[in-house]
Amino acid sequence: DAKTTQPTSMDCAEGRAANLPCNHSTISGNEYVYWYRQIHSQGPQYIIHGLKNNETNEMASLIITEDRKSSTLILPHATLRDTAVYYCIVSLNSGGSNYKLTFGKGTLLTVNP
Amino acid sequence: NAGVTQTPKFQVLKTGQSMTLQCAQDMNHEYMSWYRQDPGMGLRLIHYSVGAGITDQGEVPNGYNVSRSTTEDFPLRLLSAAPSQTSVYFCASSYGPYVAYNEQFFGPGTRLTVL
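Protein chains in written order, with our numbering: chain V, 1 to 113; chain E, 1001 to 1115.
This is chain V alone, in the form it adopts within the complex:
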């Protein structure tokens, strides 16, 4: 699986957009970009995923660069409940990696009042 690089921590003011970057420069053509988050002491929660195109759902938007070497997760109006560790995961769609998500250390996003 491609390795991802994320900042260790970020801060955001409540009500503002939170933009979380992720580098995945070794990504291959059939690897998806996934974002999960983990609120303290809870299980991880799926946010969004994409392959090439930008994606949006009720929780967030995912912007993937044209060369696919990096992406940004956008929480449009961050709330205090969005304080969590955010994981960017590149998931290979073949072979033995079909069945597991490889979680790194993620970015701790702290939303401040």
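It is worth saying that the hints were derived from the structure and are not from the lab.
There is no bait here: all hints are sound.
Label-pair ranges, simulated between beta-carbon atoms:
hint, chain 1, residue 1, chain 2, residue 2, range
1, E, Gly-1016, V, Asp-67, 50 to 58 Å
2, E, Thr-1070, V, Asn-57, 29 to 37 Å
3, V, Ile-39, E, Gly-1016, 32 to 40 Å
4, V, Gln-42, E, Gln-1022, 14 to 22 Å
Note that this is a predicted model, so its numbers are computed, not measured.
Each residue gets a CB set at the ideal place from its N, CA and C atoms; glycine is no exception.
Take the given structure of chain V and dock chain E to it, following the hints.
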């Protein structure tokens, strides 16, 4: 739907004891898996199952057994607990087996301490 449920929430064992962590899902998901999460580290896959009667090893399977006799349940057995197995254990499920295509639903976790 209750989603993915795990019991117990907390457990303390002595070295050498055995126990079973329970995981159940009511979403008729084919795929279920167990991860462990240690402080400051990401989640690591222990075992997974792509359907009833089918299981396979993940990254860190030693010291753990699993079975999948029904679609709903995927228990994780610790054969002889060791302090190195102190961790938070998460069960996850998804509709299909390929994580590239399927959102994973996680349970709330079981916090295990082995003394």
